[in-house]
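In order, the protein sequences belong to chains Y and A. Just so we're aligned: the first sequence equals residues 1 to 351 in UniProt numbering. Just so we're aligned: the second sequence equals residues 1 to 177 in UniProt numbering.
Careful, some of the hints might be misleading.
Using C-beta positions, here's what the derived DEER-type ranges look like [stated by the list, open to error]:
no.	chain 1	residue 1	chain 2	residue 2	range
1	Y	Q103	A	E139	38 to 46 Å
2	Y	S56	A	D123	25 to 33 Å
3	Y	E70	A	G36	46 to 54 Å
4	A	M1	Y	L28	43 to 51 Å
5	Y	R92	A	V151	48 to 56 Å
6	Y	A90	A	S133	56 to 64 Å
7	Y	R92	A	G50	29 to 37 Å
8	A	V151	Y	L28	27 to 35 Å
9	A	G122	Y	K97	52 to 60 Å
10	A	P103	Y	N89	39 to 47 Å
To be clear about the criterion: a stretch of chain A counts as covered by chain Y if any three or more of its residues have a C-beta under 8 Å from a C-beta of chain Y, and this derived list gives those stretches [what the hints assert, rightly or not]:
no.	region
11	105 to 115
12	128 to 137
13	146 to 153
From the derived model, a few chain Y residues whose C-beta atoms are all more than 12 Å from chain A [claimed, not checked]:
no.	residue
14	K22
15	A51
16	L122
17	E254
Treat the hints as calculated values from the structure; they're not laboratory data. The beta carbon of each residue, even a glycine, is placed where N, CA and C say it ideally should be.
Now for the letters of each chain:
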Amino acid sequence: MHRLLFVDIFDVVRYRLHRMRKKLKDELENRNTVQEYVCPNCNRRYTAFDALQLISPDDESFRCESCRAELVAESDKRAAEEMGDNDDNARRRRREKLKDMLQKMEVQLKPLTDLLNRVKDLPVPEFGSLQAWEARANAAGRAANGDPSANDSSRSSQGQGYGGTPMPFLGETKVEVALSGVPVKDEDSKPDVSATTMKVLPPWMIKQGMNLTMEQRGEVKQELKTESGSTANQHDDKKSKVNDKDDEKSIQDEYLKAYYAALLQRQQDQEEAAKRNQQESANTDNISSKMPRQVGMKSKREDDDRDDGVEWEEAPTAGNANKTYKMHDLNIEAEPEVSGEDEDDIDWEEG
Amino acid sequence: MFFHIVLERNMQLHPRHFGPHLRDKLVAKLMKDVEGTCSGRHGFVVAITGVDNIGKGLIRDGTGFVTFPVKYQCVVFRPFKGEILEAVVTMVNKMGFFAEAGPVQIFVSNHLIPDDMEFQAGDVPNYTTSDGSVKIQKESEVRLKIIGTRVDATEIFCIGTIKDDFLGVINDPGASS
Ligand SMILES: [Zn+2]
């Protein structure tokens, strides 16, 4: 898949133009040339590399090694004489050519430089990395399949678009790098956190606010353990282990289904509640403290299980957005979690 | 640019040094012989950081001296064309100025000094901008770009420029005093 990184291509083109121009100009102005010196007396030539040997100890000027006459810098000589021999003519022709080239470059590349100047102060569209794009496409697909929270793409583009502000080329690229370096999931820490909550939590980490899901989790875990233990006792061969795993898997699948169903239910409830609240608060002339407090309560409860989510919760759409997030995040996690089950199983058996 | 490299050298040692401290004697002699020298290929040997291996000695016919092949690690400093260096000005004249970056001598000719800097003769010859805000004189610290190196077997001499972006005086002793 081919993709132009606009941020980079913009910088690259500008840099190349700059280099071209600089190279020509440098040569025109003799910038990187080695100065030459001539003895006016015997015409012996020296270069700047000989400088160390040329300094005369008494007056710190450059002296000819053979006749001690004071040396003259080549360019000065040329300026003084103006018209010179063949060598000078060739050099002048070269200069003409360079000047010509520089001028041609300015003229012929003008459309490009004009375009660049026009684009210079505009924010660059950020398409993110390939993974980010895929994740967004997937999320969009999922959203189309009945998930009401279709705000994913807009949100993730928001996330990358920190640099919606004009001009910070480097800043933009930086954001992009961070994205491609880290799996897209981590972009908004939430799915990650929910993934960890899906794993077995040690008892001391389970707080009240974490409600039924975690409790259920604990129960299921115990069930699995006893069951696997008993079946292993009964058959005592390796086949049973495979069966166990299947059993566990199906149990977990069911558990997941139930979990999502419960969550969906809860989310819908909350949405309705939120709607009601909004209507209420609108009706009661919006006593400013009321809405925020209720929203705050809810988000606080969520804060308890996820510490880093706080920033996201300040989305303008307040309470509603929280819940849609949650649902959506769980959906994202659903597949990885199921596929990652085997590892979990092994952990449990060994433990 | 600095490099940490492994070099080899054949050391000749007089038999009177032979004894329990032969190795120490060899290393001490190596440091004395090598540190501070310059080879066109590797640059200036700044410091020996370790001796990897001392080979079997070979008695030279006639003299009785013994030659040991010694492998040693050292830090070398080798200037390159295009490299940016910070250097201290050592001498200023109307042809330009000389500067030192550690062991390396650099000459900046006056056509590679920005056009707005004029040479001022006097007790302290210097290059100064027309408004007097920037001054290059002895002991000034400058950042320069090497545009050429002349490498002999035992010497490296550079010519540099300060006529480019971000080059020039980085600390001016005349301004601070
Ligand atoms: Zn001469």
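Structure-based check of all given hints:
{"no.": "1", "hint": "Y:Q103 with A:E139: 38 to 46 Å", "result": "holds, 44 Å"}
{"no.": "2", "hint": "Y:S56 with A:D123: 25 to 33 Å", "result": "violated, 18 Å"}
{"no.": "3", "hint": "Y:E70 with A:G36: 46 to 54 Å", "result": "violated, 34 Å"}
{"no.": "4", "hint": "A:M1 with Y:L28: 43 to 51 Å", "result": "violated, 30 Å"}
{"no.": "5", "hint": "Y:R92 with A:V151: 48 to 56 Å", "result": "violated, 32 Å"}
{"no.": "6", "hint": "Y:A90 with A:S133: 56 to 64 Å", "result": "violated, 40 Å"}
{"no.": "7", "hint": "Y:R92 with A:G50: 29 to 37 Å", "result": "violated, 57 Å"}
{"no.": "8", "hint": "A:V151 with Y:L28: 27 to 35 Å", "result": "holds, 29 Å"}
{"no.": "9", "hint": "A:G122 with Y:K97: 52 to 60 Å", "result": "violated, 42 Å"}
{"no.": "10", "hint": "A:P103 with Y:N89: 39 to 47 Å", "result": "holds, 42 Å"}
{"no.": "11", "hint": "105 to 115", "result": "holds (count 6)"}
{"no.": "12", "hint": "128 to 137", "result": "violated (count 0)"}
{"no.": "13", "hint": "146 to 153", "result": "holds (count 3)"}
{"no.": "14", "hint": "K22", "result": "violated, 9 Å"}
{"no.": "15", "hint": "A51", "result": "violated, 4 Å"}
{"no.": "16", "hint": "L122", "result": "holds, 26 Å"}
{"no.": "17", "hint": "E254", "result": "holds, 63 Å"}
Violated hints, listed in ascending order, are 2, 3, 4, 5, 6, 7, 9, 12, 14 and 15; each of the other numbered hints is respected by the structure.
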